[in-house]
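Asks: Spelled out from the first residue to the last, the chains are:
2 protein chains.
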Amino acid sequence: MSYKQIGIVGGVGPSATVLYYQQIIEGYRDRIGGTHYPEILIHSLDLGEINEYFYANDLKSLSDKLVQTVKGLEKAGCGFALLACNTMHMVFDRVKQRVNVPMVSIVDAVLEEVKRHRVKRVGIMGTTFIMLSDIYRGPLERLRIECVQLDEDEQVWIMEAILGDLQHPNIPEETVSRLMRDVENLGTQGAEAVILACTDLPVAIREEHSPVLLLDTTKIHVKATLDFALGKNE
Amino acid sequence: MSYKQIGIVGGVGPSATVLYYQQIIEGYRDRIGGTHYPEILIHSLDLGEINEYFYANDLKSLSDKLVQTVKGLEKAGCGFALLACNTMHMVFDRVKQRVNVPMVSIVDAVLEEVKRHRVKRVGIMGTTFIMLSDIYRGPLERLRIECVQLDEDEQVWIMEAILGDLQHPNIPEETVSRLMRDVENLGTQGAEAVILACTDLPVAIREEHSPVLLLDTTKIHVKATLDFALGKNE
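Sequence lines, in order, name chains A and B. Heads up: the first sequence at position 15 corresponds to 15 in the numbering used here, and the numbers run straight through without jumps. Heads up: the second sequence at position 128 corresponds to 128 in the numbering used here, and the numbers run straight through without jumps.
Keep in mind the hints are simulated off the structure, nothing from the lab. The beta-carbon is built from N, C-alpha and C at its ideal position, and this holds for glycine as well. Hints should not be assumed to be uniformly reliable.
[To be verified] Quick list of simulated restraints, FRET-style, between CB atoms:
1. A:174 <-> B:98: 35 to 41 Å
2. B:48 <-> A:59: 55 to 61 Å
3. B:134 <-> A:203: 44 to 50 Å
4. B:184 <-> A:22: 32 to 38 Å
5. B:15 <-> A:203: 17 to 23 Å
6. B:134 <-> A:52: 46 to 52 Å
7. B:100 <-> A:34: 31 to 37 Å
8. B:48 <-> A:190: 24 to 30 Å
9. A:32 <-> B:98: 30 to 36 Å
10. A:34 <-> B:98: 29 to 35 Å
11. A:153 <-> B:180: 49 to 55 Å
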């Protein structure tokens, strides 16, 4: 079996990195079985530094930092790299162009999943950085898939929930209900699927309670990563 | 503030690596405060491969693998490295000699803690690899600190508990009680402190129920790592 070593650009935030690490190991072992585990390289960045680039919309410094990080992982021997965070994908293309190893994009992986389900209208929920940017909307619209979204006040409230309640082990029942109402609202607007474009959202928004298809971007990204690591797509 | 980037040789096992990662971030933020996080490099190894070296007592292949791993982390930019596992410390000295960056030893950190508490007799609990080796006993005896241990059958049972019950979220009450009786047994033999030389043991053996001082080797190693990263010991 051939295996290309995975390089993870992580730390944004640390709990997302732990989720990727655990899901990659679990997924590898489900596919391969036996006593072996995948070798994985991780460079966990300073979330505080990366947030400064996000808030200042300083995409130049963000790309430079990510290029330097991926190049370090290359030197340590990774076969390909991924950014373990939706928002960092604002600069995915320009980072990819400047490094030597291949990179697996969360957006491409989610687009493949959207196409596979043949949905024509999707909702997106995530941080305000994701909602204000074209990360998902641009490529979806190029595929003639319509994007519906919540009003601005609700997007701001979701950002506050992500930074606040969703960081704690016991999420208040009213936060969970309001997030579910948001999903239903997107469904009412015609969304056949909702992209949960933030690692913290699937903790509160559960498949079994949802009237529409939920796309957990971390799970989808991990699956695409394992496909690439194990050479399924070549 | 100066900060030397931490390089973690992990994956042995993955849950220990997550524990180190989370405790390092938490400890850093407790000390430094503010919005920043430490940059951390991790190379997570294949536990299956490493276990083969352990079971075959193939210390040559084990050292070669760890030297290659630390050298990779050096290239990616770490300022120093650590092995996130007690058992890998069987080859700590020979790995340290062959790499360029400094390395922080779990055994040295625990010895410092034993000295600080001025105990004269300690018990050790861990995997059978730890118990059969001289990793802790050798250096403790050179400090004229006496080591007491459980009989062989009990050590085998502890190994089975580590590989079995302690890997699951709900540890059976009888396993917890038996481990506590082991601690008491070591206390009865005169141990003033017990070294919990396996990441999984502190999950079941809790300070508040123990008649003797418990030394959680992961916590002690993380503290020494942060001291080194932040230049406290220079």
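Asks: Against each hint, give a clear statement of whether it holds in the structure.
Replies: Hints versus structure:
The beta-carbon spacing between residue 174 of chain A and residue 98 of chain B, approximately 58 Å, falls outside the hinted interval of 35 to 41 Å. A hinted range of 55 to 61 Å for the beta carbons of residue 48 of chain B and residue 59 of chain A is inconsistent with their spacing of about 41 Å. For residue 134 of chain B paired with residue 203 of chain A, a C-beta distance near 45 Å keeps the hint of 44 to 50 Å intact. At roughly 35 Å, the beta-carbon separation of residue 184 of chain B and residue 22 of chain A lies within the given 32 to 38 Å, and the hint holds.
Against the hinted window of 17 to 23 Å, the Cβ-Cβ separation of residue 15 of chain B and residue 203 of chain A comes to about 19 Å, which satisfies the hint. With their beta carbons about 49 Å apart, residue 134 of chain B and residue 52 of chain A fall inside the hinted range of 46 to 52 Å. One distance hint, 31 to 37 Å for the beta-carbon pair residue 100 of chain B and residue 34 of chain A, holds here, with the actual separation near 35 Å. Taken as a hint, the range 24 to 30 Å is violated for the pair residue 48 of chain B and residue 190 of chain A, whose Cβ atoms sit roughly 49 Å apart.
Between residue 32 of chain A and residue 98 of chain B the beta carbon distance is about 31 Å. The supplied range of 30 to 36 Å therefore holds. Between residue 34 of chain A and residue 98 of chain B the beta carbons are some 30 Å apart, a value that agrees with the proposed interval 29 to 35 Å. At about 54 Å, the beta-carbon gap between residue 153 of chain A and residue 180 of chain B stays in the expected band of 49 to 55 Å.
Hints 1, 2 and 8 from the list above are not met by this structure, while the remaining hints are.
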